[in-house]
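As a plain string of letters, each chain reads:
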Amino acid sequence: DSGVTQTPKHLITATGQRVTLRCSPRSGDLSVYWYQQSLDQGLQFLIQYYNGEERAKGNILERFSAQQFPDLHSELNLSSLELGDSALYFCASSRSDLYEQYFGPGTRLTVT
Amino acid sequence: GNSVTQMEGPVTLSEEAFLTINCTYTATGYPSLFWYVQYPGEGLQLLLKATKADDKGSNKGFEATYRKETTSFHLEKGSVQVSDSAVYFCALSDPDNDMRFGAGTRLTVKP
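Chains as they are written, first to last, in this note's numbering: chain A, 1 to 112; chain B, 1 to 111.
Simulated from the structure, these hints should not be mistaken for lab results.
Being a predicted model, the structure only gives us computed values, none of them experimental.
Virtual Cβ for every residue (Gly too), placed ideally from N, Cα, C.
One or more of the hints may lead you astray.
As the list claims (entries may be wrong) - Coverage of chain B stretches by chain A, computed from C-beta distances (three or more under 8 Å per stretch; other residues unrestricted): (1) 10-16; (2) 39-52.
As the list claims (entries may be wrong) - Computed list of chain A residues with no C-beta within reach of chain B, every gap over 10 Å: (3) Asn51; (4) Glu53; (5) Asp71; (6) His73.
As the list claims (entries may be wrong) - Part of the chain B face toward chain A, derived, beta carbon under 8 Å: (7) Phe62; (8) Phe89; (9) Asp98.
Given these sequences and hints, build the entire structure.
Have a look at this one:
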């Protein structure tokens with residue numbers, strides 16, 4: 001158990017819909033990262049937050065957004081969903097940029 | 001920018017065989033290097049790490065040495081078990097850039 005929790009574990013929704021994925025980092029970790037893992041694209045970094053502020057942006061679509069709240073939990077919002085958004089979404093946390101990341105169990109999103 | 005290249009899989013070995021998964025990196029600074037493992041249906045777990053040149057990371061019989069001269073961080077294990085079947089990711093991070101992961105190498109160990 002990494003100490004990072006993600007909810008929900010599974011999500012099935014239709015094209016055009018909007019969903020919110022939630023992540024609680026390990027106690028004491030200030031950085032939260034979001035990744036998308038699909039079969040054809042591997043592990044893609046989406047976005048990082050550090051202590052409530054956006055720190056780095058990767059291959060995140062404009063239809064996707066995220067935020068980190070004062071209690072350090074984070075949410076990833078995915079809107080206008082397309083079939084190609086079906087993937088595993090992982091959250092990870094770390095103490096800071098220099099330290100290893102600890103991954104949550106992931107949310108499997110299926111868009112039908 | 002920084003990048004990681006690891007050997008393509010899948011890799012299939014018999015139990016007790018020797019494992020090497022190659023990883024090379026490109027970085028402008030002095031990155032830390034990591035190996036993560038993803039077991040079926042789970043998230044990534046840190047397997048080992050090295051933070052400076054010539055450091056050797058080791059865990060669960062796996063080891064990797066940070067080689068600055070060859071920009072490599074190859075993962076090795078002397079005798080694999082069926083339970084080592086998983087996907088292995090090489091990764092690097094440095095203070096100025098987000099963490100970069102390799103594409104992953106799927107290992108299957110047959111009894």
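Using Cβ atoms and 10 Å as the threshold, tell me whether His73 (chain A) really stays out of contact range of chain B.
17 Å, holds
Chain A contact restraint on Phe62 (chain B) - CB to CB distance below 8 Å:
15 Å, violated
Test coverage of the region 39-52 of chain B by chain A using CB-CB distances below 8 Å; three residues minimum.
holds (count 6)
Can you take a look at whether the region 10-16 of chain B is actually covered by chain A? Rule is 3+ residues, C-beta closer than 8 Å.
It is violated: at least three residues are needed, and the region 10-16 of chain B offers just 0 whose Cβ sits closer than 8 Å to chain A.
Taking the shortest Cβ-to-Cβ distance between Asn51 (chain A) and chain B, state whether it exceeds 10 Å.
With a cut-off of 10 Å, Asn51 (chain A) remains clear of chain B, as the shortest Cβ separation is near 16 Å.
Can we keep the Asp98 (chain B) interface hint, with Cβ of chain A closer than 8 Å?
4 Å, holds
Closest CB-CB distance from Glu53 (chain A) to chain B, is it above 10 Å?
Its Cβ never comes within 10 Å of chain B, the nearest being 14 Å, so this holds.
Run the C-beta distances from Asp71 (chain A) to all of chain B and say if the shortest one exceeds 10 Å.
Non-interface label on Asp71 (chain A) holds, nearest chain B Cβ at 22 Å vs cutoff 10 Å.
Taking the least C-beta to C-beta distance, is Phe89 (chain B) closer than 8 Å to chain A?
The hint holds - Phe89 (chain B) has a Cβ within 8 Å of chain A, the shortest such distance being about 7 Å.
Hint violations for this structure: numbers 1, 7, all remaining hints satisfied.
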